[in-house]
Structures are given as C-alpha cells and as structure tokens.
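Trainee: Here are the chains, one letter per residue:
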Amino acid sequence: MAAVANAPAPAPAGPPDVAVEHLTHVYETANGAVKALDDIDFEVPQGKFVGIVGPSGCGKSSLLLMLAGLLQPSEGRIVVREHALTAPRPADVGVVFQEASLLPWKTALENVEFPLKLRGTARAERRDRALELLELVGLADFRDRLPHELSGGMRQRVSIARGFSQDPKILLMDEPFAALDEQTRLTLGDELLKIWTRHQKTVIFVTHSLTEAVYLCDEVLVMSHRPGRIIDRVTIPLERPRTYEMMATETFGHLRERIWRSIRTT
Amino acid sequence: MTQRASYLAVQIAILAAILTGWEIASRSGAVNAMLLPPFSEVATQMGRMLVSARFLENLGVTALEVVLASAIVAPIGVLIGLVLAESPYLGAAYRPFFFFLTGVPKSIFLPIFILIFGIGISQKVAFGVFQAVFVLVIATMTAASSVAPELVRLAKVSGATRWQIYREIYWPAMLPIVIEGMRLGVIFNITGVIFAEMSVSRAGIGALVAEWGRNFEIANLIGGILITALLCIAINESLRWYELRVGKWRQ
Ligand SMILES: Nc1ncnc2c1ncn2[C@@H]1O[C@H](COP(=O)(O)OP(=O)(O)OP(=O)(O)O)[C@@H](O)[C@H]1O
Ligand SMILES: [Mg+2]
Chain W
19 MAAVANAPAP APAGPPDVAV EHLTHVYETA NGAVKALDDI DFEVPQGKFV GIVGPSGCGK
79 SSLLLMLAGL LQPSEGRIVV REHALTAPRP ADVGVVFQEA SLLPWKTALE NVEFPLKLRG
139 TARAERRDRA LELLELVGLA DFRDRLPHEL SGGMRQRVSI ARGFSQDPKI LLMDEPFAAL
199 DEQTRLTLGD ELLKIWTRHQ KTVIFVTHSL TEAVYLCDEV LVMSHRPGRI IDRVTIPLER
259 PRTYEMMATE TFGHLRERIW RSIRTT
Chain D
369 MTQRASYLAV QIAILAAILT GWEIASRSGA VNAMLLPPFS EVATQMGRML VSARFLENLG
429 VTALEVVLAS AIVAPIGVLI GLVLAESPYL GAAYRPFFFF LTGVPKSIFL PIFILIFGIG
489 ISQKVAFGVF QAVFVLVIAT MTAASSVAPE LVRLAKVSGA TRWQIYREIY WPAMLPIVIE
549 GMRLGVIFNI TGVIFAEMSV SRAGIGALVA EWGRNFEIAN LIGGILITAL LCIAINESLR
609 WYELRVGKWR Q
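Protein chains in written order, with my numbering: chain W, 19 to 284; chain D, 369 to 619.
Be a bit skeptical, because a hint or two may be false.
PhoX-like cross-link-like pairs, simulated, lysine-lysine; straight-line CA separation at most 25 Å [claimed, not checked]:
#1 W:LYS53 / W:LYS135
#2 W:LYS135 / W:LYS124
#3 W:LYS135 / D:LYS616
#4 W:LYS187 / W:LYS212
#5 W:LYS124 / D:LYS616
By construction, these hints were calculated from the structure, which means they are not laboratory data.
Excised from the complex, chain W in its bound form (with noise of 0.2 Å):
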C-alpha cells in the first residue's frame, strides 16, 4: 500500500501538455533591439513539474509570459495541450507572477477569490474555497486586509494562493517563493508538491534556488546568460513523495552541484 502511495505519478502518455519550438525573442527598445531567448526548445509532458533555473536576465520571465499567451515569440511557437498559443488560456494556463500583482483595492481574500468570481462561481462558495487557500499559505487572520497592509512576503503568499484557486492545468510560477524565508518555502514547497500531486498538475516553475529546484523537480532546465538558451536538463531521479532527509543525500548533493556546475560555465 505504502509503495503505491509513494510512486510517482504515473507518467501519461500522450501529447505533452507544453511544446516549446525553436523560441525567440528580441525586445525592440529605445536604445535598439534587446535578444533575450535564443532558440528555446522543450517539452513538458503531462503531469511534471519542471524547473527553469539560470542567471538574471537570461529571459526566465519573459519565456513564461510567452507561456502565459501575454507576450508574442519573435521567432518559434507554443503548442499549449494541441493549441498553438495565441492569447492566454486562463483555462488551460495559470501564473504566479514574480511580483505579486494583487489588485489593490481588493482584501487579501478577495484577492484570492478573484478568478472564481471572474468565471461566475456562487459567491459562498469562492468564499470557502478562498479562505482555505489563504489557510494554506498561512494568511487566514489577514483575509480582510488590504495588499498595503501587508509584508512583500504575505502578498506573494497571497499571489499563490490566486493561482491555486484559479486551479488550472497547467501552473506557471515565476520565482514564487522568493521573498520568503527559508521555512515558510518549505512548508509551501511540500503543499505545492501535495496539490500537484493530488491534482495532477504540469508544473514550470522558476527559481534561484538550486536546493528548491533539485527538491521540487520531476527536471530542471538550465539556462545561459542573455540571450537565454537551454545549456543543460538534469533530471531529477529522486524518488516521491520527496522528504527533507533526501536534502542530505549523497545524490541531491550531486544533482545541485551539476547544476550549479552548469550556471556557472554559461
């Protein structure tokens, strides 16, 4: 029983949920053209969670906004579960944007609340719904504050509770647990890794932390200085669900090295 509980998810087979070909982009700026992603090529298959780790400003973000349907690729495409990407799919597509985005004439909660509302959910029930999310990320007693009244930490807590709610297949998360300390992104780590689990989720989530990286992801894809260009995928064989205690192995130890290894080459 216990080994069926702990095996991954079986792999899906099938279509990937995000086919990323042959991407490029090049910003137009006042000061002339900016490259920054160079001909991105990956998959993701259903049901994974990847990472996308590298230097700042290698183009982490803006390779998810052209995931998100919010940016058009210079050059390529995005093939997002068999639709070539053209516009957001808040359907298919959710996003935790790097900085929190809340509105701010809107409480915490109703923040949270924001995408059941847009897409007509009875209002007792995108109560409910919220208020267990912002139970999750720790936020309950501050469901009637205001985003100014709140840490840079508790609105990005906030943020991922949105992105929760919206519940999407497909969770785009852009360096989520930045401003958290160490613990709480943990603790949020493990849920995340429960809800994707117990939802079956294709997750891209990008991250400066190797240790995050290597503990969260079913892959990690590293990236080169600007422009961004995918210089190594390491795979990440440790077992699920993942335990504190495999931080210490002798193989997370190697699987952080090798990565960290490859950053520091590009």
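Given the coordinates of chain W, work out where chain D with the ligands should sit on it, guided by the hints.
Mentor: Just chain D with the ligands, lined up with the frame of chain W:
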C-alpha cells in the same frame, strides 16, 4: 481618536474667536459697522434669507444651472478623456489643445457666450460646462494612464473577458481620480455659473449678491456670501469623502 477630537476642539475655538473678534470689533466701533455689521446681525439676516422666497428662488436657479451643467460635463468629460487616453491617434493629435486650454482663464471667454447664448439660463449652463470640462478630461486621461498594465495582464490570465477587464480593473482603478476630477469640475462649474450670473444675469445667487453689493446692503451681502460658501464647502467635502472612500486602497 483623542487626537482628532483635540484638533476639532482647537478648530472650533479658532472659529469662535474669529466670530467673537468680529462681533466686538464691529460693536466697539473699531471697524466701521456700515462696512462690517456685527456677526450677530449678519447671522440674523442669514436666518431671514433662508426663509425668504426671493433668496430661495435665486438659489434654486443657480442650483439648477449647476446641476444641468454637471449633468452635461460628467459624461462628456469622461468620454473625451477616455477617447484621448485610449486612442493613440486622437490622443496625440488633440491632447495638447486640452493641456493648453487648461491654462487659459476661461472667464475671458464670457462675452462670446453672451453673444451666442444671450443672458438666459442656457448661457450660464454653457459657461459652467466650459469652465468645468477641461479639468475632468485631464483627470480622466490621467486616470486611464494610471491603470497598471500588470493588473490588466493579470486579469487576462485569470480569465477575464474584455468587459470584465473594464469592470474589474479599469473602473475601480480609475474611479478615485475621476471623482477627484469631478469634484474640481463642480467647483469650476459653480465658479463659472456664479461669475456669469454676476456679470449680466437677472437671476441666480450671483446676480442677487452682486445687486446687494451695488445697493450697499452689507448684511445681506455678507450673509449671501457665507451661505453660498457653506453650501460649496458641503458639496466639496461630500465629494472628497466619497473620493477617499473609493480610493482607500491608494497609498
Ligand atoms: N519589456 C521589456 N523591454 C525591453 N527589454 C526587456 C523587457 N523585459 C525584459 N527585458 C530584457 O530581457 C532580458 C530578460 O529579462 P527577464 O525579465 O525575462 O529576465 P529573468 O531571467 O526573469 O531575470 P530575473 O531572474 O532577474 O527575474 C533582460 O535583459 C531584460 O533587460
Ligand atoms: Mg524574472
């Protein structure tokens, strides 16, 4: 709370001191009582005005003009502001005119309004509109450009339709600034209407006050000014209260 109470106490004390000083100065003959009748006399006169048919009728005329002008300014100002803010071509082409005209004293145009509209109510309403519309157009443009693009992006990926983006993002984000524009608009509007009334009109609070001035009816004159001032303060403060209420989130 106690802090606020103590401020209020000080403010009331200051007001009382001014009124007492006024009363004493006038009664003791330190100032000419012809030019500044004692406050008690002015207050009695104000009380009489508030039940006098003539005063109330004229006040009603002014109120009607201000309400009509506001009803015209509010939709037109917001609409023009939105178009100029959202249409790149129209915005770039026409925006400078609005900025330039905002700096021109509108009162200088009054004779033109008299030529076009005569001296009846339509002239005063038109002049009130002219006074007020610019500030609202500019406020609306400012409000529209203050809407954070991140929030629009967020709404899109959260599943908002175009209409929901307007209702959930643009509307709440713009409301406090637009209300502020309306508040300033109402002040300009009242200024325009009263100025027009004082210049040529036979009706309205402005005409009445101007007549009292010419006839040297000082108690009436001061009383009329005070009542008008109090009404304007009440209008301004209630709009400001609303503005702060819908803009609580602005930090
Ligand atoms: N709107 C924009 N216009 C012009 N250049 C941009 C724009 N957004 C990003 N860039 C540039 O593209 C590059 C990639 O930016 P991006 O935000 O994607 O990096 P990142 O990997 O997310 O960095 P970080 O880890 O610091 O968040 C940077 O050099 C940045 O200057
Ligand atoms: Mg980034």
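Trainee: Give a verdict on every hint.
Mentor: To see whether the hints hold, each was checked on the structure:
no.: 1; hint: W:LYS53 / W:LYS135; verdict: violated, 38 Å
no.: 2; hint: W:LYS135 / W:LYS124; verdict: holds, 12 Å
no.: 3; hint: W:LYS135 / D:LYS616; verdict: holds, 22 Å
no.: 4; hint: W:LYS187 / W:LYS212; verdict: holds, 15 Å
no.: 5; hint: W:LYS124 / D:LYS616; verdict: holds, 10 Å
The structure does not agree with numbered hint 1 stated previously, though it agrees with all others.
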